[in-house]
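Peer 1: Read off the chains here:
Protein chains: 2
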Amino acid sequence: MGNRLYIALVHHPVIDKNGQTIASAVTNLDLHDIARASKTYGVKGYYIITPLDDQQTLVRQILDHWTTGVGGIYNPRRREALELIRIKPTFGEMIDGITDAEGRRPQTVVTTARGRRGNLSYSRLRAMVGQSTPLVLTFGTAWGLTDEFMASADFILDPLIGAGDYNHLSVRSAAAIVLDRLLGESF
Amino acid sequence: MGNRLYIALVHHPVIDKNGQTIASAVTNLDLHDIARASKTYGVKGYYIITPLDDQQTLVRQILDHWTTGVGGIYNPRRREALELIRIKPTFGEMIDGITDAEGRRPQTVVTTARGRRGNLSYSRLRAMVGQSTPLVLTFGTAWGLTDEFMASADFILDPLIGAGDYNHLSVRSAAAIVLDRLLGESF
Chain A
6 MGNRLYIALV HHPVIDKNGQ TIASAVTNLD LHDIARASKT YGVKGYYIIT
56 PLDDQQTLVR QILDHWTTGV GGIYNPRRRE ALELIRIKPT FGEMIDGITD
106 AEGRRPQTVV TTARGRRGNL SYSRLRAMVG QSTPLVLTFG TAWGLTDEFM
156 ASADFILDPL IGAGDYNHLS VRSAAAIVLD RLLGESF
Chain B
6 MGNRLYIALV HHPVIDKNGQ TIASAVTNLD LHDIARASKT YGVKGYYIIT
56 PLDDQQTLVR QILDHWTTGV GGIYNPRRRE ALELIRIKPT FGEMIDGITD
106 AEGRRPQTVV TTARGRRGNL SYSRLRAMVG QSTPLVLTFG TAWGLTDEFM
156 ASADFILDPL IGAGDYNHLS VRSAAAIVLD RLLGESF
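Heads up: the sequence lines are chains A and B, in that order.
Position 90 of the first sequence, counting from 1, maps to 95 under this note's numbering, and the rest follow consecutively.
Position 38 of the second sequence, counting from 1, maps to 43 under this note's numbering, and the rest follow consecutively.
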């Protein structure tokens with residue numbers, strides 16, 4: 006593979022139903038589903054971003070169960086996927102960690118379902134994934150990333166468009182689809 | 006849209022970790038995630054297949070909460086998606102129901118992650134979706150559909166291939182990716 010694509014799932018800063026900035030709770034199946042898709046498509050690391058101590062502890066307990074606990078014995082393939090997960094309190098600390106590991110700062114790509122066109126197409130990002138600059142593909146939980154957060158990213162990926170004006174995919178589904186568009190075989 | 010694509014999520018007959026035929030339990034987020042992807046991509050109906058009375062009751066309770074209960078008021082977009090769900094005790098009864106509604110028997114397409122190539126490519130199925138024959142795209146829960154069940158289908162779709170030999174996607178992720186391949190915009 007040799008790609009340098011990372012995924013970040015951001016729990017703060019995101020917005021709630023009313024547009025207020027919040028720190029969302031971690032959803033167990035966000036860990037499993039996106040880790041399994043990341044492993045399937047060859048993603049280098051999957052970062053859970055949450056500033057909340059209790060949420061960090063929860064994630065660690067789930068990971069311990071599946072990587073060093075009985076879950077890993079029961080289902081070794083699940084362990085292989087969840088071993089991709091790292092926990093960071095802030096997006097900035099994740100960027101620092103990737104910069105240290107890769108020897109250069111990653112470019113950041115944010116995703117959104119909020120209508121407007123981005124400044125990055127899937128075909129262009131697919132080409133970028135094969136190049137040497139590390140990339141962080143970023144998904145928001147709850148009602149999505151804040152406008153301020155999105156404005157600070159290097160790129161905004163075009164939203165996924167379906168059959169009509171309904172585009173309320175779960176973040177698990179959106180991450181799977183985007184990975185397939187970037188790294189799936191041609192068919 | 007005008008497509009006649011249906012999705013079936015089968016809880017029996019599927020196999021467990023050891024290859025034994027079982028009836029699996031319904032997973033709440035399978036309902037939500039696959040309904041939301043179905044609505045996004047214009048799927049005509051999403052069938053939950055389970056012969057177990059208690060599991061049928063559980064699904065009905067979840068649907069009632071989100072379609073006629075307080076959930077539908079809290080989140081109307083979720084209601085629109087979950088309204089696509091129908092419950093049937095057997096795959097055959099679903100086929101009969103679709104045949105009645107459409108005036109012709111649907112063709113059945115099964116999905117599998119168990120290695121071997123199918124007899125139907127994504128590009129060919131994408132062309133079939135636009136034609137007049139109704140189609141049922143079928144996913145298994147647990148460790149997948151039984152061999153006997155797959156052998157009885159009209160078509161076996163090629164498995165999703167990622168970056169290497171790891172292909173342990175959740176059924177929620179697999180359904181989202183397949184729908185995007187069949188009905189997503191070209192990019």
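Treat the hints loosely; a few may be bogus.
[What the hints assert, rightly or not] Straight-line distance between alpha carbons at most 25 Å, and here's what the computed DMTMM-like set of lysine to aspartate or glutamate pairs gives:
1. Lys49/A with Asp69/B
2. Lys22/B with Asp101/A
3. Lys49/B with Asp163/B
4. Lys22/A with Asp69/A
5. Lys93/B with Glu107/B
6. Lys22/B with Asp59/A
7. Lys22/A with Glu153/B
8. Lys22/B with Glu85/A
9. Lys49/A with Asp101/A
10. Lys49/A with Asp170/A
11. Lys93/B with Asp105/B
12. Lys22/A with Asp105/B
13. Lys93/A with Glu190/A
14. Lys22/A with Asp163/B
15. Lys22/A with Asp59/A
16. Lys93/B with Asp170/B
17. Lys49/B with Asp170/A
18. Lys93/A with Asp152/A
Hint data in this document are derived by calculation from the structure and do not stem from the laboratory.
Peer 1: Determine for every hint whether it applies to the structure shown.
Peer 2: Consistency of the hints with the structure:
1. Only pairs whose Cα atoms come within 25 Å are accepted, and Lys49/A paired with Asp69/B is rejected, the gap being roughly 41 Å.
2. This hinted pair does not check out: Lys22/B and Asp101/A have alpha carbons roughly 41 Å apart, beyond 25 Å.
3. Distance hint between Lys49/B and Asp163/B is fulfilled; the C-alpha atoms sit about 22 Å from each other, no more than 25 Å.
4. For the proposed pair Lys22/A and Asp69/A, the alpha carbon gap of about 32 Å is over 25 Å, so the pair is violated.
5. Only pairs whose Cα atoms come within 25 Å are accepted, and Lys93/B paired with Glu107/B is accepted, the gap being roughly 17 Å.
6. Taking the CA atoms of Lys22/B and Asp59/A, the gap is about 33 Å. The hint is violated against a cut of 25 Å.
7. Among the hinted pairs, Lys22/A with Glu153/B is inconsistent with the structure: their alpha-carbon atoms are about 46 Å apart, more than 25 Å.
8. For a cut-off of 25 Å, the pair hint linking Lys22/B to Glu85/A stands: about 17 Å separates their Cα positions.
9. Of the pairs offered as hints, the one joining Lys49/A and Asp101/A holds, with about 16 Å between alpha carbons and a cut-off of 25 Å not exceeded.
10. With a CA separation close to 33 Å, the supplied pair Lys49/A and Asp170/A exceeds the 25 Å bound.
11. Distance check on the hinted pair: Lys93/B and Asp105/B sit about 14 Å apart at the alpha-carbon level, within 25 Å; holds.
12. Between Lys22/A and Asp105/B, the direct Cα distance comes to roughly 41 Å. Violation of the 25 Å bound is thereby established for this hinted pair.
13. Proposed proximity of Lys93/A and Glu190/A is contradicted: the alpha carbons are some 31 Å apart, above 25 Å.
14. Taking the CA atoms of Lys22/A and Asp163/B, the gap is near 39 Å; set against the 25 Å cutoff, the hint is violated.
15. The hinted pair formed by Lys22/A and Asp59/A meets the criterion: a straight-line CA distance of about 23 Å does not exceed 25 Å.
16. Under the criterion of a C-alpha separation no larger than 25 Å, the hint pairing Lys93/B with Asp170/B is inconsistent with the structure, at around 35 Å.
17. Of the pairs offered as hints, the one joining Lys49/B and Asp170/A holds, with about 16 Å between alpha carbons and a cut-off of 25 Å not exceeded.
18. Simply put, Lys93/A and Asp152/A have alpha-carbon atoms about 21 Å apart, close enough for the 25 Å limit, and the pair holds.
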